Amino acid sequence: MSISLHNVKRKLIGEPFPNHLEIHERLDKMRALAVFASDPISSNAYATEAIMSVLLLIGAGALRFTLPLALAVAGLVLLVIFSYIQTILHYPDGGGAYTVTKDNLGETPSLFAGAALLTDYILTVSVSVAAGIRAITSAQPMLRPYAIPLALLAILILTWINLRGVRESGTIFAIPTYLFVVGVLLTVFISLIRITGFFGASHPVPITPEEIAGNGQTITTFLFLWLLLRAFAAGTTALTGIEAISNGVQAFKPPEAKNAAKTMVIMGIIAMSLFIGITFVVSQLHLIPNEHESILSQMARTVTNGMPGGIILYYWVQIFTMLILILAANTGYQDFPRLSSFLAKDGYLPRWMQNRGDRLVYNGGIVTLAIIASLVIIVFRADEIAMLPLYALGVMLSFSLSQFGMFKLMGRIAHLKPGETLKTHVTTIHYEKGTRWKRALNGIGSAVTFIVLLILIATKFVEGAWIIILAVPLLVFAFRTIKHHYNHVAKDLSMQNFDPSQLRDIANIAIVPISDIHRGTSRALRYACRLSDHVEALYISTSEASKKRIQEKWARYPELTEGVQLNIIDYEYRDILTPLEAYIAYVAEDVYPGRLITVVIPEFVPERFSARFLHNQTATLLRLRLKAHDNVVIIDVPYLIRETREAGSKKQNAEREEQAARDNA
Amino acid sequence: MRNQEEKALTAVCPECKKGIQFHAAPRPYHLFLCPHCETMLLVTAVSPLQVDWAFEEPGKPIPHRGDWRLEIRNWGNLQAPNL
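In order, the protein sequence lines correspond to chains A and B. Quick note: the first sequence uses the numbering used here, first residue 1, plus one each step. Quick note: the second sequence uses the numbering used here, first residue 1001, plus one each step.
Source of the hints: derived by calculation from the structure; they are not laboratory data. Note that the coordinates shown come from a computational prediction; the quantities given were computed from them, not determined experimentally. One or more hints might be untrue.
Claimed, not checked - Examples of chain B residues toward chain A, derived with CB under 7 Å:
no.: 1; residue: F1055
no.: 2; residue: E1056
no.: 3; residue: E1057
no.: 4; residue: P1058
To be verified - Listed below are the simulated EDC-like cross-link pairs for lysine to aspartate or glutamate, each with C-alpha atoms no more than 16 Å apart in a straight line:
no.: 5; chain 1: A; residue 1: K553; chain 2: B; residue 2: E1057
no.: 6; chain 1: A; residue 1: K553; chain 2: B; residue 2: E1015
no.: 7; chain 1: A; residue 1: K553; chain 2: B; residue 2: D1052
Think of the CB as a built atom: it goes at the ideal place given N, C-alpha and C, for glycine as much as any other residue.
Just chain A, same shape as in the assembly:
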């Protein structure tokens, strides 16, 4: 098998899937959970620590607020999950916050939701990969100078796996995700047994609060409340990725909405069990965040210390924490391409982003995400701490808008009588019970997430949040510009009020730019002669010698050149495209204004793909330039250069060539 781009692609990506396998490629709940929930589950590796780090600014005593704040965050998570389950059930075609906002709040808010989520998915990939690479370079400091190439390599691998298909990536990513969940749950379970002293287990050795030095400062009530709010906002990093399932409802096996909603519930239970479990144990053990060791690592070490086989559990938790931090990026890989396909379908992103590739995944979105996330990695030098202030803002904005959208939708449903249905722009709603309390929960969720958004902006603005505040409106502007372009194209191509007499007349002329007389150009000349009575061969002569040569060759083949006007333009410079374009434009605009002229471009095409880069530079560029001219029709006349290698041995070929030359002579 020869090495070609096609073969390499087949080896890397796999054989293309036919359309009917789309249903086979869909995810069962087990795989879907791993694919969509890697981000919210991985948040448990740092969410508790995020709360504690802010509380420490108040003083060590304030750490007692960790559990209540974690419970408040968990409450918010439940609200958001509830809202997104409603979203999934009411918008079973997917699209999440973007679709809900579009349907209930209008175009501009939906574009803000879309832009906010897209930026956050990019950051999910960059931050997760950078965090995972930091875990590796922390263990092996000699790799620290290679953090950027390693992060780019990780993005490349993730991109490759995702391009192979949703089901395959789900299978690969499921193992570390579930092993992380099992490892941490086991650690929490053992902690609870040891803390409560069940089965006569010994209590792990805690760090007592007396050992913690307070900062000794007294703070005002306002500052205290502000820091509490900041700690709460920091804990909301546990919310990132929760919305992922709502975007990808159609990735589930049927019944899609039901399976997606169930997976959302399971995800919520797992993520919150881990979050509250870790926070409870950490609070009981009075652990304190420090720069050198994560809270999760401290918890696992303290709990497994002195326990038979404890070291295995400790390393299990550590290794799979590192892996899940990298795999959290997969949530971005799942949702960025899906969300872009929704935006592309509505004309806000390039059309090619809505197409599925060979393996039924949105290739365009996956590759675009990989490129932008790689650029972010390079710009921030793979430093996730520097990227963190930018993170979570987009998600919170989309949560707030989405829940407000659901609040409005519930209001519309409340007006329906039993048996009544109503078609919105996107979905069909029916009468349902309990709309008042559903509406209230969505309203509270929207308000709380909006407050969290304001806190995040206020606390992280200087550290980098301003970039997102600037980027989101710019993205919205870009969406609108793309849409405007598509609208303009649609209007221009519309057959409305079409009058055939408006069509341009076709001028009786065919221009054939030539560089020589050979089999390639002779075919183009013959072709042009069938199109028009007036054929001109256009030759740019840069020297007297070349002019003489073409004239001599032209005279050699009268049966080919008879009736064709050889137009030689003397030109003293090397940019031969200029006179070619100039002459063709002159003929098109001045000689035949308002009519279509034909340019026949001879092109010889080597059979071998790699050899094609050796030829046709002028033809390719001329074609590009001529496309800017409204009334020039370009026709390519290819001449295939056959390779003789496969037809026989070198000796046989040489004999054949010799015979051919004798025949010619």
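With chain A's structure known, arrange chain B on it following the hints.
Frame of chain A, contents of chain B only:
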């Protein structure tokens, strides 16, 4: 005898019209430069030996220099198509 062999291995450059002496019979469709004028030539027949210009293909064009609309006015020899 030797003269006949030499004659059989001689071709005329179509560019400079000078004779080109080969030391051995060239392969058909062999590309070479004329030793006199450095024009790229092609062996089109071996018996009798004949050479011709090789195919011409412009290299990668250099970038646009300026406004071609201004330059076209200076083309005195332009043969515009007959209407």
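The hints, checked one at a time:
| no. | hint | result |
| --- | --- | --- |
| 1 | F1055 | holds, 5 Å |
| 2 | E1056 | holds, 4 Å |
| 3 | E1057 | holds, 6 Å |
| 4 | P1058 | holds, 5 Å |
| 5 | A:K553 to B:E1057 | holds, 15 Å |
| 6 | A:K553 to B:E1015 | holds, 11 Å |
| 7 | A:K553 to B:D1052 | holds, 10 Å |
This entry satisfies every hint, going by the numbered hints stated previously.
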